[in-house]
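Student: Using the sequences and the hints, build the whole thing.
Letter by letter, the sequence shown follows residues 95 to 223 in this note's numbering.
Worth flagging that the hints you see were computed from the coordinates, not collected in a lab.
Just so we're clear, the structure is a prediction, and the values are computed from it rather than from any experiment.
No residue lacks a Cβ here, since even glycine has one placed at the ideal position from N, Cα and C.
Incorrect hints may have been included.
Said to hold, decoys possible - Computed spacing ranges between beta-carbons, pair by pair: (1) Ala133 to Gly106: 28 to 34 angstroms; (2) Asp139 to Gly106: 38 to 44 angstroms; (3) Thr142 to Asn182: 20 to 26 angstroms; (4) Asp158 to Ala197: 33 to 39 angstroms; (5) Leu180 to His113: 16 to 22 angstroms; (6) Asn125 to Pro168: 30 to 36 angstroms; (7) Leu174 to Arg108: 14 to 20 angstroms; (8) Ser204 to Asn182: 16 to 22 angstroms.
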Amino acid sequence: MVRAAVIAETNGPREQVRHMWTQWRRWATANPDKRRALAQLQVADDITADSHRAASLAFSGIADLLERSRANGPMQDVPLGFVLTLVNAIAEATIDEMIREPAEAEARGSVAFDAIWRVLAGSSAAPTV
Numbered sequence: 095m096v097r098a099a100v101i102a103e104t105n106g107p108r109e110q111v112r113h114m115w116t117q118w119r120r121w122a123t124a125n126p127d128k129r130r131a132l133a134q135l136q137v138a139d140d141i142t143a144d145s146h147r148a149a150s151l152a153f154s155g156i157a158d159l160l161e162r163s164r165a166n167g168p169m170q171d172v173p174l175g176f177v178l179t180l181v182n183a184i185a186e187a188t189i190d191e192m193i194r195e196p197a198e199a200e201a202r203g204s205v206a207f208d209a210i211w212r213v214l215a216g217s218s219a220a221p222t223v
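Tutor: Here it is as structure tokens:
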């Protein structure tokens, strides 16, 4: 899965989010069984609070990145959990589509990144290159 430690902090937030997105979709499309297992674990009742906290700590760098990315955007005043839910919904829909239509995977991934960035930073975001 995406690890915050590998996201180059020398790049701006947009490029860091793009890197995160690229790694996320590559992992998810290459590991559909692990992706399904992770989705099941997220809703499992028998996962302890300590396990959830440990997982949250592992992704704290990503949460920090999303906080910086939304600082001046339309999501700046809503709970981070809501932002994560929106970003995850876009990601899951895109990854499902990429798996169903591999010929369109790169185009769908690019459009999805633009959507994620606009959710975070707003419509004034610079176009992707």
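Student: Among all the numbered hints in the text so far, which are the ones the structure does not match?
Tutor: none
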